[in-house]
Amino acid sequence: METRRGARMVIDPKVRQVGFVTPGSELGRPAAPEPPGAAAPVPVVANSPSPVIIPLLLIPDTSSLRTTPLPVPSPPSRRVVAAPPADDSMPLGSYNPSDAILGSSQGSSERTGNNDKHGSAPTDSLADMSLSNASTLAIRLEGLNVTNDGISNVLSTSTVRSAVAAAPTSVEHAFQTSSGQGIIGSVPAVSVDMAAAANPQADPRPMPLKDRTSKAERRAIQEAQRAAKAAAKGVGTDIAAIADGNVANEVKSSKPSSQKKGLSEKKPAVFSDKKPVVSSDKKPVVSSDKKSAEKASEKDKRKDIPAPRMQFDDEQRVAKAKRRSLIEQTEAKNRVELFRHLPQFLHGTQLPSLESKFFHEDPLHPHPSVFQVGLQYLTREIVGGNARCIAMLMAFRDMINDYSTPMEKTLVRDLTAKINSHVSFLITCRPISISMGNAIKFLKTRIASLPVTVSEFEAKHSLILEIDRFIQEKIVFADNEIVKHAVTKIRDGDVLLTHGSSCVVEMILVRAFELGKKFQVVVIDSRPRLEGKGLLRRLLGKGLHCTYTHINAASYAMQGVTRVFLGAASVLSNGTVYSRVGTACVAMVAHALGVPVMICCETYKFHERVQLDSICSNELGDPDALVEVHGRKDVYSLRGWADSKHLHVLNLMYDATPADYVSMIITELGMVPPTSVPVILREYRKVPYVM
Amino acid sequence: MGPIMKFQVVVLAGGMSKKLFPLVSKDVPKALLPVGNRPVLSYVLELLEANNLKDLIVVVAGEDAAVRVGGWITEAYDGRLHVEVAAVSEDIGTADALRAVLHRLVVDDVLVVSGDIVSDVPLGAIAAAHRRKRAVLTAMLCSSPSASTAEAISSTGKDKAKKPSPIDIVGLDTSHQHLLFLASGTQVDKDVKIRRSLIRVVDQMEIHMDLMDAHLYAFNRAILQEVLELCQGIKSIKQDLVPYLVRSQSKFGAIASGDTQTEAVGKTPNKDDSGQPQTPMQDIVPLPQHILPGVLHPASLELTCCVYIASEGKYCSRVNSIQTYGDINRDVAGELVFLTGYTVSNQNNVIHPTAEIGSKTTVGPQCMVGDGSKLGDKCSVKKSIVGRHCRIGSNVKIINSVVMNHVTVEDGCLIQGSVICSNVHLQERANLKDCQVGAGYIITANSEHKAEALSKREKS
Numbered sequence: 001m002e003t004r005r006g007a008r009m010v011i012d013p014k015v016r017q018v019g020f021v022t023p024g025s026e027l028g029r030p031a032a033p034e035p036p037g038a039a040a041p042v043p044v045v046a047n048s049p050s051p052v053i054i055p056l057l058l059i060p061d062t063s064s065l066r067t068t069p070l071p072v073p074s075p076p077s078r079r080v081v082a083a084p085p086a087d088d089s090m091p092l093g094s095y096n097p098s099d100a101i102l103g104s105s106q107g108s109s110e111r112t113g114n115n116d117k118h119g120s121a122p123t124d125s126l127a128d129m130s131l132s133n134a135s136t137l138a139i140r141l142e143g144l145n146v147t148n149d150g151i152s153n154v155l156s157t158s159t160v161r162s163a164v165a166a167a168p169t170s171v172e173h174a175f176q177t178s179s180g181q182g183i184i185g186s187v188p189a190v191s192v193d194m195a196a197a198a199n200p201q202a203d204p205r206p207m208p209l210k211d212r213t214s215k216a217e218r219r220a221i222q223e224a225q226r227a228a229k230a231a232a233k234g235v236g237t238d239i240a241a242i243a244d245g246n247v248a249n250e251v252k253s254s255k256p257s258s259q260k261k262g263l264s265e266k267k268p269a270v271f272s273d274k275k276p277v278v279s280s281d282k283k284p285v286v287s288s289d290k291k292s293a294e295k296a297s298e299k300d301k302r303k304d305i306p307a308p309r310m311q312f313d314d315e316q317r318v319a320k321a322k323r324r325s326l327i328e329q330t331e332a333k334n335r336v337e338l339f340r341h342l343p344q345f346l347h348g349t350q351l352p353s354l355e356s357k358f359f360h361e362d363p364l365h366p367h368p369s370v371f372q373v374g375l376q377y378l379t380r381e382i383v384g385g386n387a388r389c390i391a392m393l394m395a396f397r398d399m400i401n402d403y404s405t406p407m408e409k410t411l412v413r414d415l416t417a418k419i420n421s422h423v424s425f426l427i428t429c430r431p432i433s434i435s436m437g438n439a440i441k442f443l444k445t446r447i448a449s450l451p452v453t454v455s456e457f458e459a460k461h462s463l464i465l466e467i468d469r470f471i472q473e474k475i476v477f478a479d480n481e482i483v484k485h486a487v488t489k490i491r492d493g494d495v496l497l498t499h500g501s502s503c504v505v506e507m508i509l510v511r512a513f514e515l516g517k518k519f520q521v522v523v524i525d526s527r528p529r530l531e532g533k534g535l536l537r538r539l540l541g542k543g544l545h546c547t548y549t550h551i552n553a554a555s556y557a558m559q560g561v562t563r564v565f566l567g568a569a570s571v572l573s574n575g576t577v578y579s580r581v582g583t584a585c586v587a588m589v590a591h592a593l594g595v596p597v598m599i600c601c602e603t604y605k606f607h608e609r610v611q612l613d614s615i616c617s618n619e620l621g622d623p624d625a626l627v628e629v630h631g632r633k634d635v636y637s638l639r640g641w642a643d644s645k646h647l648h649v650l651n652l653m654y655d656a657t658p659a660d661y662v663s664m665i666i667t668e669l670g671m672v673p674p675t676s677v678p679v680i681l682r683e684y685r686k687v688p689y690v691m
Numbered sequence: 001m002g003p004i005m006k007f008q009v010v011v012l013a014g015g016m017s018k019k020l021f022p023l024v025s026k027d028v029p030k031a032l033l034p035v036g037n038r039p040v041l042s043y044v045l046e047l048l049e050a051n052n053l054k055d056l057i058v059v060v061a062g063e064d065a066a067v068r069v070g071g072w073i074t075e076a077y078d079g080r081l082h083v084e085v086a087a088v089s090e091d092i093g094t095a096d097a098l099r100a101v102l103h104r105l106v107v108d109d110v111l112v113v114s115g116d117i118v119s120d121v122p123l124g125a126i127a128a129a130h131r132r133k134r135a136v137l138t139a140m141l142c143s144s145p146s147a148s149t150a151e152a153i154s155s156t157g158k159d160k161a162k163k164p165s166p167i168d169i170v171g172l173d174t175s176h177q178h179l180l181f182l183a184s185g186t187q188v189d190k191d192v193k194i195r196r197s198l199i200r201v202v203d204q205m206e207i208h209m210d211l212m213d214a215h216l217y218a219f220n221r222a223i224l225q226e227v228l229e230l231c232q233g234i235k236s237i238k239q240d241l242v243p244y245l246v247r248s249q250s251k252f253g254a255i256a257s258g259d260t261q262t263e264a265v266g267k268t269p270n271k272d273d274s275g276q277p278q279t280p281m282q283d284i285v286p287l288p289q290h291i292l293p294g295v296l297h298p299a300s301l302e303l304t305c306c307v308y309i310a311s312e313g314k315y316c317s318r319v320n321s322i323q324t325y326g327d328i329n330r331d332v333a334g335e336l337v338f339l340t341g342y343t344v345s346n347q348n349n350v351i352h353p354t355a356e357i358g359s360k361t362t363v364g365p366q367c368m369v370g371d372g373s374k375l376g377d378k379c380s381v382k383k384s385i386v387g388r389h390c391r392i393g394s395n396v397k398i399i400n401s402v403v404m405n406h407v408t409v410e411d412g413c414l415i416q417g418s419v420i421c422s423n424v425h426l427q428e429r430a431n432l433k434d435c436q437v438g439a440g441y442i443i444t445a446n447s448e449h450k451a452e453a454l455s456k457r458e459k460s
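Line by line, the protein sequences are chains A and B. All residue numbers for the first sequence refer to UniProt numbering, where the first residue is 1 and numbers rise by one. All residue numbers for the second sequence refer to UniProt numbering, where the first residue is 1 and numbers rise by one.
In short, the hints are calculated from the structure, not lab data. We put the beta carbon where it would ideally sit given N, CA and C, even for glycine.
Just the calculated beta-carbon pair ranges, DEER-fashion: (1) A:452 / B:82: 34 to 44 Å; (2) A:454 / B:207: 53 to 63 Å; (3) A:469 / B:207: 47 to 57 Å; (4) B:199 / A:639: 26 to 36 Å; (5) A:631 / B:197: 21 to 31 Å; (6) A:645 / B:102: 57 to 67 Å; (7) A:559 / B:143: 49 to 59 Å.
Turn these sequences into a full structure, and let the hints steer you where they fit.
Right, here's the structure in full:
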């Protein structure tokens, strides 16, 4: 039973393609199952720090768009491989390459298959792809063989598998500790279940075997893995041990933040109801035949599993959460059925209750700066991914500055707890964005990795520096870089189209204008927030030539447009762009008319999650905003809609743009196709995070 | 842990108020003027206490007054509040008073409260609005007494000989969050002049006459200090400081942050009333940007003045004239009785258990009788407040009046719409209508007064 589910979880895009799925995200992915498998052990043996290898692979990729053989994001399955031999230890660096390639192989093999069947992928590009893929993979294989002749050649796929499988797990730990985000990647995978674990193993072989590996088979594989591990253990153990400790720490710390829960949910989120079952199912299988030591680590592992994201249709949990929250929240009535799992509170009740608590003394009470930021989130005075993230980080900076460790507590733990409570306060004000989640993770990782010996002052100082650096490097410099890259894509005579108001896009347009490029801008706006107006006014103030229209006219406005620049709240690892609602529509129209769509997004907003639709994770705005028309007091047909049982008003804040509508994602690292997002996630993330 | 939420509170308790003559005297500074049998300052202090603001600086004009106020505070709030009483010389403006305690302000923001406010607005909301906007100044506005009352004031000709004018003229943006203009009604002679540049920036500006400045402000401390130090010409918060800050909005920042949230301000340059402080303010150097909070994002460089408009249900009023004094007393005895903390009897009035009330005496609803007061037979008290230890004879009618402590009223007196201060002696069958009687005054028997302010001249 579970087996099947797990398997489906991995392949599922096929099923979901009907709706908002991103078949195109697989377009560019390599279609060679074997080589990666073989390639995997390389790092294990070579034990070389991955950052050295990877950039070589990546950098050429950035220039070419679709044909790059970038690994496919199929984190759940790949992580699952990692999951079972949880305790095993392997050197840190070895993990990534193998992992990546492994992942790519699986995903691609399945997905290309899918594409073929459904015919959703343009055949020529597919052929293209496979060609290039094959070649690159071959290259990789070569390289691997060179470094690693003995093993990869000798081992059969299954044994290779096991070795590979052994490797990632330990690395998983190390990775997690080092880069807070690793957890997120790995965690949901763990919960997926054994079936899924089995799945990748079968992967390189012909398809049908996939989800039919029996328990016995799996066990055999595990045994093999363990054997392989045992060999590798010698070196790796201590590292892993340390890593483990850290992981536990980090995990504990990061768990309470429901943001993390939210973010860490990948595909499983779609099946959220199944998840607990799955994980519980997994326990007996794994732990029964493991040694006690392994059991312990298994427990650790389980701690990694985030509690499922808060589902707001679960009344008990909601009630519980409410009791803990500082803000009085009244659930909105008439919530749209499909979106009941998202928080939706009566607008207008939160602010007064929060204001009245302003001066209260309460252990829950947040730091003034955080309180202020929370208020600003609540009233939508700070909007936009970057602004919110910066505001939050600055508030945390203030908080850390004012922080002093209480007696009999350690800074690392107490501060982490403090940050957690502050984060949950911010969440009650407004659900935090993915970028903020990444920033929080970063901060927590920094805290967790503080040496014990450091004095409080030094620790605070270093944390503040880290925050400053994060803002500078990840946001400010990143934006500048993006602008630099993007401006090269603007030529004289271009007609550029943008939607809503993205600060990066605005910077790009202004910069291009300052460079003397002659182009026109079409600003597409949408109700109810009409953010485009602000952008429009600022652009006009600078003297740009603009056209303003609403999204209803997108299909017309798109004619004659040469490029579409869009901002993003996040880019997910399957290339899906999670952005202000309306973006998907604009991108789709552009795609239909063959206009290239450039997404401008800093890499700190990237996330490992895979999201196929806009339902499982989104944010609901104030439905009244839709009902009322600004400046039109005569439009009142929907007054009092809340009293009608038959009407549900849905004001979604975000939507997911499938990767195949996206031509290019402009990041500070260069311009990459949406398929390369996982590479960036994997390779660039950890470097600054580990340090 | 320092002050809560990085807010410090300064209460400007004032000293002697000319407007409240003859109620206020040397013995009874304005802060201790009884409202509902409690000093008016106690309402502010309790409001602050209810909002968990327990570290206060109370500024009192005049040494004597400061001693008295300080004495009262230590007696009444010992252990509950931590109050520093600062004395400043009399006859200085509110901004000067603030300047005097400037050095004690250390944290981010300062809440400046006038000591004569009777209100139940949530201070947290003001502070939150202030923080939310990162404002330089947040002023609380409340709806001013209705137009009819304003008419009544002027028609009585008590304190405003001019034609009826609104209490304050307030300019707001359409979102009702930003303060674009503020002038007190008495300052504006004929026209309100508003710069065209202002209108150009904000598109729309609403001029409100129905709002009143409640003299409750939140200031950004850094900017407040800067401004007060740089411009010694600023004397009064309401007349100089606030308009100055409001005007400064246009000079710095004024970055359009949203559609309607642009702000910039200009103001009538030729105000005769406050022309004198105008001149020194011309050569004020622009505020250095580095003191502005949150410099990281250009959008945060705004210098904004915000308002918090008290919601309809909330009460907010200031004891700043005889008229308001009477009104507030009535309100406090009536619907606002919860502010005083007294328990209300079945008859909807507050009679202290130690008060003695003679036979056939009626104390109507919305009345208060303080402890130890004695009322004779066949008296009638309607909509009035009788203070502590008063001795009131028989057949006395007290209507719509405030009788303070230790007042002796002999038989057959009629007191209507009047304020009788402490230790006043009313001899038999005195008849007072719309009078204010200063402390210690003796009103002779059978005398009749109408709309007069009576006080002992010789003493003062």
